[in-house]
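These protein sequence lines are chains D and H, in that order. Numbering-wise, our numbering puts 648 at position 344 of the first sequence, and it's gapless, one number per residue. Numbering-wise, our numbering puts 410 at position 106 of the second sequence, and it's gapless, one number per residue.
Incorrect hints may have been included.
Same chains, same names: a pair is fine if it fits in one copy or spans any two.
Said to hold, decoys possible - Heads up, simulated DSS-like pairs for lysine-lysine below, C-alpha to C-alpha not over 27 Å straight-line: (1) K372 <-> K310; (2) K310 <-> K435; (3) K310 <-> K745; (4) K372 <-> K351; (5) K790 <-> K640; (6) K745 <-> K351; (7) K642 <-> K745.
In case anyone wonders, no lab produced these hints; they're calculated from the structure.
2 protein chains.
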Amino acid sequence: MEGELKPMDAEQLREYGHRMVDFVADYYKTIEDHPVLSQVEPGYLRKLLPDSAPDKPESFENVLSDVKTKIIPGVTHWQSPNYFAYFPSNSSTAGFLGEMLSACFNIVGFSWITSPAATELEMIVLDWFAKMLKLPDFFLSTGQGGGVIQGTASEAVLVVLLAARDIFLRKLGKGFLEKLVVYASDQTHSALQKACQIAGIHPENVKALKTDSSTNYGLSPDLLSKEICHDIANGLVPFFACASVGTTSSTAIDPILELANVTKSYNIWLHVDSAYAGSACVCPEYRHHIDGVEEVDSFNMNAHKWFLTNFDCSLLWVKDRNALIQSLSTNPEFLKNKASQSKSVLDYKDWQIPLGRRFRSLKLWLVLRLYGVENLQAYIRNHIELAIHFEELVSQDMRFEIVAPRTFALVCFRLLLPCGFEDRTNDVNGDLLQAVNSTGKIFISHTVLSGTYVMRFAVGAPLTEERHIDAAWKLIQDQASSLLEKL
Amino acid sequence: MEGELKPMDAEQLREYGHRMVDFVADYYKTIEDHPVLSQVEPGYLRKLLPDSAPDKPESFENVLSDVKTKIIPGVTHWQSPNYFAYFPSNSSTAGFLGEMLSACFNIVGFSWITSPAATELEMIVLDWFAKMLKLPDFFLSTGQGGGVIQGTASEAVLVVLLAARDIFLRKLGKGFLEKLVVYASDQTHSALQKACQIAGIHPENVKALKTDSSTNYGLSPDLLSKEICHDIANGLVPFFACASVGTTSSTAIDPILELANVTKSYNIWLHVDSAYAGSACVCPEYRHHIDGVEEVDSFNMNAHKWFLTNFDCSLLWVKDRNALIQSLSTNPEFLKNKASQSKSVLDYKDWQIPLGRRFRSLKLWLVLRLYGVENLQAYIRNHIELAIHFEELVSQDMRFEIVAPRTFALVCFRLLLPCGFEDRTNDVNGDLLQAVNSTGKIFISHTVLSGTYVMRFAVGAPLTEERHIDAAWKLIQDQASSLLEKL
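One chain only, chain D, in its complex shape (with noise of 0.2 Å):
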């Protein structure tokens, strides 16, 4: 790439290509050789980068030596066997390879004309998926509704909340927005109050309903009908409800069905966050948790979290599409072509925030078709029995308890402490997982439930093997014991 400027030569692209998958392959092979957590000091980067860029070219030689000894360093490694963080985002050998694919063409995907490929993939693909999980046919693309791939979950609300917003002002006229609520639980991830805030609902009609462990952090169908009642009461709107199915905290589930019942008597708009858990739902042992799912106006999955899709790649179906596009349209003429103005055609830039969008079925696709629904059932099941066996180490070691029942793969544990030190339990929790944390030997987060501080151990990362758990468990418990011992 020195001297002349080449910025597409078919040979040079092959050459460095090829050295870059030698690179990657490389990477992925050696990858627990790096602490899974980056450990690095804030503004590492700037004491080992130039102030401006250069003026003339580099050698790739030299690039590729600094992302190893000055990039990686400051890369907390996602797809470490030893990743049990948040929850997983899955890079895959198909996913890869779909984003080669996607950068190759590298095109602006806003209207059909521009590419008719990607939004027809996408349609395709996503009703794939929707028959996958037995999602009602109303979702279909066949329909009044259809599916659209988002870049992330928080969009994916973001633009119902949008739709959901103006389907009731232009009835009621601009001016009834401040009256409007929203209703969730407590557990609700906070891209729905983000997109509140975005939309410029009033803070104070997002209701925020309280859980407890009484119903294993699910959002109580009773509590939702009382506060809508008491709101309607007071002279507000309700208009959103979001039910999640597998929260990020917990995996808790709201009741879809129940939920549905009470929402639909006020046509509100009912948005089924199931981000992580949606790729459980393929098997089918696990998709009665989004039963009642026939009832609600949307919902959305995450398939680069769980699903072995590189990031990113959320995906949102809608019973009325067109809600979506009388919220989200513009049309400029610079865009105008006889196919959009034909309406033969779908134009996937009115389902979504920004205009541009990359060809990102094409990952998706491969996903599906390189791997099949069986192994991708297979793939999901031998998670959920590895973090079985995680919860099973943890129930056998009488120092620690499980905080809030396994249903996916995510572990929500605790250490508790000995007679007399109770008060200090979260505090040495929180001490536990920087201690494990800055081993660099394992990555896991935490969260706090009913104000008990608590571990997730989140099983996910492709590449994680039974012996994966096992060595945590035992670190886990070898910096508990020293910890208790420093008590």
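Model the placement of chain H on the given structure of chain D, informed by the hints.
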């Protein structure tokens, strides 16, 4: 990949990765063999693909064969040297390698801790780029401001609009939302209108100020000033203005400095959208088009358009990062960590709409290092030279006219009709565009300026050479001749 599921086996990734690199290189090598604008009919793909995902894995050969025979016919080839529509979307060897690396790590970089290198490289590379553009120091991350990679210019304008909205609403109270007014020219990208819809700005308070050929479609500061005074007198609250440097229709340029002189006296947030033309401003001889940027609140340009960085990579700088953070931050327990709590790091999740984010700075870093600033300037200049060449060709054919001044690499032109046929000029130009595009030999797009239908010829694909310009012009001439004969 047949048989046993290996979601991520390093040797399997190596094998298939190498094959995909060859596929990609061969694609670029033969890209001119395909019609640049896909010629398929709506619904073509559903007839070619099965109704549901396969239960069993399929072979890589079969999938790749389907890419060739079923997907590629539906691709509009943005990387073709014969692509002259909209604005370019550059792929490059460096950008492609960056995408591979980003897909390899596959991190979800919402907070610093999730991969410190991702946050820090983004800060550094945006600082580099700010210096290349000679942006004021307050846009550097070392001060109160900073740069961030957004997906698209749509998201860039949305986040700054929200930041500005919330500054005003915090001061005035939520009830003032209906009073807030946004200003821009009628040439401003539709992304602003969409952002206003999302943010709940009253549609009547989104002022698209009229422009015409007397200012080359640039916004008049006097008109802005008058409109603001008028609105204030009517009890409205001006809070946001968007200036464009290089509009989508004709690369028109709003006079930033003069506009800033107006907006500053009312504390109006002034955003500059230079999505396309920002790339050219890296060349000293074009930098004057953003003179006055030292007086604005935010500045945006798309490295994914004309700067060899694969989509998506939209660069946004803000003067006051806290304004963004106050508007877009959430702080759920499950994301809390020592580094974030200590405030010693930036968490880019609070600068954008989604929570999750890809490691996008890698590709921009690779582009800057592997090409170097001088070559990148030469790349831009070459396209502008090619556009000048096209402009000259058009000027030499008296049947055509240049409709708006060419400033960068977009030429706006149209066919003139003989005496007696003038009232059909717009229609015939539309027909000419259709005729040209339906050959599949080149792809151009259109706009309307002051009621005049205009063809847009945007040079900027990495593989375009003078011979492609010449061939394109000959095609346009031939199709025009044939249409004129039929008049």
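Now the hints, each set against the structure:
1. Within a single copy, K372 and K310 get their C-alpha atoms as close as 25 Å, and across copies as close as 26 Å, so both meet the 27 Å cut-off.
2. For a Cα distance limit of 27 Å, the shortest separation of K310 from K435 across copies, 24 Å, qualifies, whereas the shortest one inside one copy, 46 Å, does not.
3. Proximity of K310 to K745 under the C-alpha cut-off of 27 Å is restricted to the inter-copy arrangement: shortest distance 24 Å between copies versus 42 Å within a copy.
4. Taking the shortest alpha-carbon separations for K372 and K351, only the intra-copy value of 16 Å comes in at or below 27 Å, while the best inter-copy value is 47 Å.
5. Taking the closest pair of Cα atoms, K790 and K640 come within 27 Å of each other only across two copies (26 Å); inside a single copy the shortest separation is 70 Å, beyond that limit.
6. Taking the closest pair of Cα atoms, K745 and K351 come within 27 Å of each other only inside a single copy of the chain (26 Å); across copies the shortest separation is 50 Å, beyond that limit.
7. Taking the shortest Cα distances, K642 and K745 sit within 27 Å of each other only across copies (18 Å), while inside one copy they are farther apart (57 Å).
Hint compliance for this structure: no hint is broken.
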